[in-house]
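Colleague: Single-letter residue listing:
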Amino acid sequence: MHTVKRYSRLYRVLITQFFKGIMQSKVDFLMGLLGFFLTQFLGIAFLYLVFQQIPELSGWTFKQLVFIYGFAQIPRGLDHLFTDNIWMVAWRLVVSGDFDRYMLRPMNVFFQVIAEKLQPDALGELLVGSILIVMSLRDGIMIVDGFHIAMFVISILAGAVIYTAIKLFFASIAFWVKVSGPFLSTAYELSNFAKYPTEIYAKGIRFVITWIIPFAFVAYLPAGFFLKESVSVSVIGIECILAVVFMAISYVTFYIGIGRYESAGN
Amino acid sequence: MKKFCKIYLPFASNELKRQMSYKGAFYLFILVSLFGSFINYYLWMAIYGSSGKATIGNLTKNEMVIYVFMVYVTSSIVTITLADWVSEDVVKGSVAMNLIKPIDYRLSLMWRASGQMVYRFFVPGIFVWIGMEIYKVKALGMEVVSPVTALLYVVSSFLSFLLYLLFDFCFGMVAFFTTYIFGMLMAKEAMLSFLMGQLIPLSMFPSVAQKVFDFLPFSSMVYTPVMIYLGKYSGSELAFVMGRQVAWVIFLYLLGSLIWKKVTKRLVVLGG
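Taken in sequence, the protein lines are chains A and B.
Numbered per the working numbering, the first sequence spans residues 1 to 266.
Numbered per the working numbering, the second sequence spans residues 1001 to 1272.
None of these hints come from the bench; they were simulated from the model.
In silico negatives: residues of chain B with every beta carbon more than 12 Å from chain A:
no., residue
1, 1004
2, 1062
3, 1100
4, 1106
5, 1108
6, 1147
7, 1162
8, 1173
9, 1242
What the simulated footprint calls covered on chain B by chain A, stretch by stretch (three residues with Cβ under 8 Å from a Cβ of chain A suffice, anywhere in the stretch; the number is not a length):
no., stretch
10, 1026-1034
11, 1048-1058
12, 1194-1206
All C-beta atoms, glycine included, are put in the ideal place defined by N, C-alpha and C.
The shape of chain A in the complex, shown without the other chains (with noise of 0.2 Å):
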């Protein structure tokens, strides 16, 4: 219990300095912001112009398709603001040897290597997510009821957990070497095989997004779930199976990796 309260309070210290921050550079901010709105909003353009020629795409409608983007980028959104700072871990960090200075306080090192930054540039995803969210709500395409709106809540927070999961792996084989940037780019660039239907690939690169890299459980597989009756809420299970189960062997690999890590002299 001491030790949540403590935490909590230098979270909550760190994230007052990261305020201040933001507050000196608004225009940066908003920059970055409009940036992203921009590139989610043509993504939506590009679907809907696509719908112009088809009525459905393997069985899913537009408005579905909406639905599945939205969703995607809530807990995308919600890694990238709170743990951003693990693409420095795989950049920058380990190879210029600034990683000593987490390894000489008192705390835990995962929770120094995210509490340092949280980047505003994803409230633009969080702000896109909702927005279409809302829209299917208006649409009437989701299911809503308690069981629901709960199973919702715990698909996106493990959603969430296991974007981190993949980005703290790719990132602690930095540790190895030295810069992982390029390996983590790559497995998170994979993300965007899941912002369509997993059906309209081949095997193996539907075999790789739902077991290997997850993706596909982060954002199409559960959000048939919320579209269809059909999808038996087993789906949510294994999600939150996977979430648990890649998001330890990713803190291992983790810390296996600092007990490796040498510093890069001064």
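Add chain B to chain A, keeping to what the hints say.
Modeller: Just chain B now, with coordinates in the frame of chain A:
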């Protein structure tokens, strides 16, 4: 002329060397950038499958395969961003050094970009291109591209390359007004991928939008060379689209010179 080459060629060759030295990371980036093309490929296959139509936006299913991968090849040599180099130079203040040297800043950037372009033409451009041609002949049962079309495509792509650079230089001038160009760059990339026809063939847009695109430089950047490659233009139409590319190159060159003059007047660099 000899002196000119002696001054500017190192910008190209240095960039080429720089690119070569990060090979490992670069191969992964190629893989990543191909992801997008494969997603598009599968998506289009599914779309043609569910539509039951033979052509969508004037393209047959086979032509769409070529479209998707030639967009990749074209973009890899065309979309080389100067804007972040400008931004870096402005933020670090090293742009001041470039101003006192007896060279043209824009030309030096363009030569640097051409080093990158040459590299990207070989890795991975030409391999994807050849791979696509083999796939086209073996799997789709189509004829191999004619040398004339291939040549016209290369010329048109080179014009696109110049066009994109000159546009990006104008865009990069934003760096003189803000230090955080990342958001702008992202917005630009998103807009361009749409307007250049990277995401979706421009012929699929409503006809009003297509009329507007005719008056913007972006359709000449990627869409035009790819359509030339697909043999969609002939005779006077071909001359017109390529003439339009040349006209845009000239216009953006002049515009860039004008903006550069204005911007450097108000530049303040601290230290140096």
